[in-house]
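Trainee: Let chain F serve as the given structure and place chain R on it in line with the hints.
Single-letter residue listing:
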Amino acid sequence: MKLTLKIWRQKNADTKGSLQTYPIDGIDGDMSFLEMLDVLNEELIEKGEEPVVFDHDCREGICGSCSLQIDGRPHGPERHTTTCQLHMRHFNDGDTVIVEPFRATAFPVIKDLMVDRSSFDRIQQAGGYVSVNTSGNTIDANATPVEKDNADEAFNSATCIGCGACVAACVNASAMLFTSAKVSQFALLPQGEVEATRRVLNMVEQMDKEGFGACSNTGACFIECPKDISLENIARINREYLKASAEG
Amino acid sequence: MSILDSKIPEGPLAEKWTNHKNNINLVNPANKRNIDVIVVGTGLAGGSAAATLAELGYNVKTFCYQDSPRRAHSIAAQGGINASKNYQGDGDSDYRLFYDTVKGGDYRSREGNVYRLAEVSANIIDQCVAQGVPFAREYGGLLDNRSFGGVLVSRTFYAKGQTGQQLLLGAYAAMNRQINRGKIEAFNRHEMLDLVLIDGKARGIIARDLVTGELERHSAHAVVIASGGYGNVFFLSTNAMGSNVTASWKIHKKGAYFANPCYTQIHPTCIPVSGDHQSKLTLMSESLRNDGRIWVPKKKEDAEAIRQGKLKPTELSEDERDYYLERRYPSFGNLVPRDVASRAAKERCDAGFGVNKTGEAVFLDFASAIKRYGKEQAVMHGNHNPSEEEVTKLGKEVVANKYGNLFEMYEKIVDANPYETPMMIYPAVHYTMGGIWVDYNLQSTIPGCYVTGEANFSDHGANRLGASALMQGLADGYFILPYTIGDYLADDIRTGKIATDQPEFEEAEKNVRERLEKLINNKGSKSVDDIHKRLGKIMWNKCGMSRNAKGLKEAITEIRELREQFWNEVKVPGSMDEMNPELEKAGRVADFLELGELFAKDALHREESCGGHFREEYQTDEGEAMRDDENFMYVAAWEYNGEPSEAVLHKEQLEYDYIEVKTRSYK
Numbered sequence: 001m002k003l004t005l006k007i008w009r010q011k012n013a014d015t016k017g018s019l020q021t022y023p024i025d026g027i028d029g030d031m032s033f034l035e036m037l038d039v040l041n042e043e044l045i046e047k048g049e050e051p052v053v054f055d056h057d058c059r060e061g062i063c064g065s066c067s068l069q070i071d072g073r074p075h076g077p078e079r080h081t082t083t084c085q086l087h088m089r090h091f092n093d094g095d096t097v098i099v100e101p102f103r104a105t106a107f108p109v110i111k112d113l114m115v116d117r118s119s120f121d122r123i124q125q126a127g128g129y130v131s132v133n134t135s136g137n138t139i140d141a142n143a144t145p146v147e148k149d150n151a152d153e154a155f156n157s158a159t160c161i162g163c164g165a166c167v168a169a170c171v172n173a174s175a176m177l178f179t180s181a182k183v184s185q186f187a188l189l190p191q192g193e194v195e196a197t198r199r200v201l202n203m204v205e206q207m208d209k210e211g212f213g214a215c216s217n218t219g220a221c222f223i224e225c226p227k228d229i230s231l232e233n234i235a236r237i238n239r240e241y242l243k244a245s246a247e248g
Numbered sequence: 001m002s003i004l005d006s007k008i009p010e011g012p013l014a015e016k017w018t019n020h021k022n023n024i025n026l027v028n029p030a031n032k033r034n035i036d037v038i039v040v041g042t043g044l045a046g047g048s049a050a051a052t053l054a055e056l057g058y059n060v061k062t063f064c065y066q067d068s069p070r071r072a073h074s075i076a077a078q079g080g081i082n083a084s085k086n087y088q089g090d091g092d093s094d095y096r097l098f099y100d101t102v103k104g105g106d107y108r109s110r111e112g113n114v115y116r117l118a119e120v121s122a123n124i125i126d127q128c129v130a131q132g133v134p135f136a137r138e139y140g141g142l143l144d145n146r147s148f149g150g151v152l153v154s155r156t157f158y159a160k161g162q163t164g165q166q167l168l169l170g171a172y173a174a175m176n177r178q179i180n181r182g183k184i185e186a187f188n189r190h191e192m193l194d195l196v197l198i199d200g201k202a203r204g205i206i207a208r209d210l211v212t213g214e215l216e217r218h219s220a221h222a223v224v225i226a227s228g229g230y231g232n233v234f235f236l237s238t239n240a241m242g243s244n245v246t247a248s249w250k251i252h253k254k255g256a257y258f259a260n261p262c263y264t265q266i267h268p269t270c271i272p273v274s275g276d277h278q279s280k281l282t283l284m285s286e287s288l289r290n291d292g293r294i295w296v297p298k299k300k301e302d303a304e305a306i307r308q309g310k311l312k313p314t315e316l317s318e319d320e321r322d323y324y325l326e327r328r329y330p331s332f333g334n335l336v337p338r339d340v341a342s343r344a345a346k347e348r349c350d351a352g353f354g355v356n357k358t359g360e361a362v363f364l365d366f367a368s369a370i371k372r373y374g375k376e377q378a379v380m381h382g383n384h385n386p387s388e389e390e391v392t393k394l395g396k397e398v399v400a401n402k403y404g405n406l407f408e409m410y411e412k413i414v415d416a417n418p419y420e421t422p423m424m425i426y427p428a429v430h431y432t433m434g435g436i437w438v439d440y441n442l443q444s445t446i447p448g449c450y451v452t453g454e455a456n457f458s459d460h461g462a463n464r465l466g467a468s469a470l471m472q473g474l475a476d477g478y479f480i481l482p483y484t485i486g487d488y489l490a491d492d493i494r495t496g497k498i499a500t501d502q503p504e505f506e507e508a509e510k511n512v513r514e515r516l517e518k519l520i521n522n523k524g525s526k527s528v529d530d531i532h533k534r535l536g537k538i539m540w541n542k543c544g545m546s547r548n549a550k551g552l553k554e555a556i557t558e559i560r561e562l563r564e565q566f567w568n569e570v571k572v573p574g575s576m577d578e579m580n581p582e583l584e585k586a587g588r589v590a591d592f593l594e595l596g597e598l599f600a601k602d603a604l605h606r607e608e609s610c611g612g613h614f615r616e617e618y619q620t621d622e623g624e625a626m627r628d629d630e631n632f633m634y635v636a637a638w639e640y641n642g643e644p645s646e647a648v649l650h651k652e653q654l655e656y657d658y659i660e661v662k663t664r665s666y667k
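Chains F and R supply the protein sequences, listed in that same order. Following full-length UniProt numbering, the numbering of the first sequence begins with 1 at its first residue and continues without gaps. Following full-length UniProt numbering, the numbering of the second sequence begins with 1 at its first residue and continues without gaps.
In isolation and in its complexed conformation, chain F is listed as follows (with noise of 0.2 Å):
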């Protein structure tokens, strides 16, 4: 099939971007969209311009590194599907797509579609953790029985996968479904018992240093979330950090 592409072009942060359009052809609709972009890359190699810079690792779908807002939305029309794991046959024939960066005042822009996410890492360096050293001397792994329900939660919440479609998603730029998601694994489990209060305060506290907006329950960001993080997230760190306000 054929394409037009209109790309976010970018030097790099202290540069101001542009759309540029570029005419695609040959695409089959097995390709990912990250392959087809490899496809044009090869033209503009081939051609003595510069490739297009976007974040890529696994392509499947579970590192969290690729982004892209393609036509408006992140991760780009289809749900439950990071950029990589989309397929080129959603798209048709003579189609024009417009491929962005994730936008947000927390997430600059590195260069073209490459943004810097190394806000999401301070905010768990502020508490998204158990305190337990790693020297294995602790209890044997079936002394604490945990419900199954419990535990199926906290690994649902767990399966967040950092990549940032939640901000991109929300007017508010808001990284509410991120730090949730961390706060929820933790409170779900009984060895996040111990740090809660600390822990929902001080990740808090950092999402809103680093510039993230506020949430106003939009729920953009779970219907964009790739990986269906859901929204009862926000109602626990809601309680939680309520809670934590009346003990702290």
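Keep in mind the hints are simulated off the structure, nothing from the lab. Please note that the accuracy of each hint is not assured.
Here are the simulated BS3-like pairs of lysine-lysine, each with C-alpha atoms no more than 30 Å apart in a straight line [said to hold, decoys possible]:
| # | chain 1 | residue 1 | chain 2 | residue 2 |
| --- | --- | --- | --- | --- |
| 1 | R | K585 | R | K571 |
| 2 | R | K310 | F | K11 |
| 3 | F | K6 | R | K523 |
| 4 | R | K412 | F | K148 |
| 5 | R | K310 | R | K412 |
| 6 | R | K571 | F | K47 |
Label-pair distances were calculated between CB atoms; the ranges are [what the hints assert, rightly or not]:
| # | chain 1 | residue 1 | chain 2 | residue 2 | range |
| --- | --- | --- | --- | --- | --- |
| 7 | R | A351 | F | A13 | 45 to 51 Å |
| 8 | R | V273 | F | A13 | 55 to 61 Å |
| 9 | R | A416 | F | K6 | 31 to 37 Å |
Heads up, the beta-carbon is just placed ideally off N, CA and C, and yes, glycines get one too.
Mentor: Only chain R this time, still in chain F's reference frame:
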């Protein structure tokens, strides 16, 4: 020929590790504050090592090319992690895990290392649970297990099909705790481009900041390489796009021996190649072989009709199908080890029974599992006479619960529903058992340069069993390296900070810069990917699932020619002092072009078949691998000597005192 000293401690097998820990030097906590350690790579092996070293009190610097340590490719591991907990009471023990691993590796791994791995395995699970890793649980609240290939017990712990993700997030969380305490400084989007030696010791690295393009000097008292495997030498593999051999290759060129480069794992259950545009291959977890049955049609006409789309697989009756693994290996069936399953799939496809357009695919079928689980569930719900629809519905729910995310992934990529029609799968490059030679302490032949996880060669012999990579990565990082490195660092308590303005740093930086300049100024016409794809084809066709002397000799010549062409004709756009992914790729492919030749040389010299290394000249009448223990029961460790072709072979003889060496049989 020199004899490599593996430094396996004296004493009975089960006491070696404890004795060793009791006898090695320790560093006093106050002195650890004055010692710096660099860790390159932040996957399970690197992330866990960094966290533990920082907890102990060392100053740690981590380096990864990804934008966050959490994205290292360990994240993509699906099926699970082994541990000899024997929670199922099915007869598991440290010895059995040790035995299975040595046998699975076709008697080409070191007894002492493997036993230690088995010994610490149970503790990994305790540790991870304490960190809040959400493993799968049963209704009673206790941990659940499943089975993996090559073993007869259920010892694999898992978190759906995302076990690697959950374990890596655990290690990343442990790192974050230390970053928050200021004990780890994380250099993300940084790539190590050389090792710096001072007086023969590893004392630092040259790294490139991938965002600004700047070259940086970082010093330390020891350097840990945990940068993963080199499967991407094949271009197409289940590795991440950025996975590379560069860190390992740089230390190899500085004196670290490279062991058994030809031992590559070709994983039997991957999604088949769909076309020339393909950039990577996707694994379908081995855990699927717990419930999926692998087959091709019995008759060639049927295979032909399926290929042409005239016949559906579901239209073939049971006796028209050849469940070839169950037929050839009745005692292990679909759960034979990976090397055996891969070769069997290739054998059927080469014989004309392949089932996709290219003839390079077999079926992985869940219909019987759906039926079996459905009936079980119906009975559990009190329905002793369920209709076929009820059975299918209940059975699908169970399968979805176990493998849901894998089925979804398959459907997204292939556009076919595996609940309704069997999956199509084919072997693909997945893991490399070969790697940098290390002794029992995980130290390479360079003093102060340690290697952990997939980047070393030590535990899996010629074939790795499923769910053992995660186990090894975390064992090395959490429990082994942090002890053994202390023995070396104990001599460094008075050294003080290593200055980076020494001539050795200057020289190393200059060499790195010149090489980058050469790549960027080369006004060639071939893209990096173009050459990488051609390297991959040579590797797959001549150093892939089966190899022979003629093909390997051709591969050596072809790779050498391609390497020359690369340096004459490669074209790298952009400049050095900016974010430039093409330049990053070019440097990595240049290293693959050298490693590839050593790989073929190693495969050519090993005149036997063992594990993942199958030489067509050495097979039984039934097509099974034929080892030559008399002449090849050794680790082949190659010393760099100017060119891959000039590499010097050193042999570490393998000795088996606690296990009887037999022909591996899964029949």
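Trainee: Go through the numbered hints given earlier and state which of them the structure violates, listing their numbers in rising order.
Mentor: 2, 7 and 8
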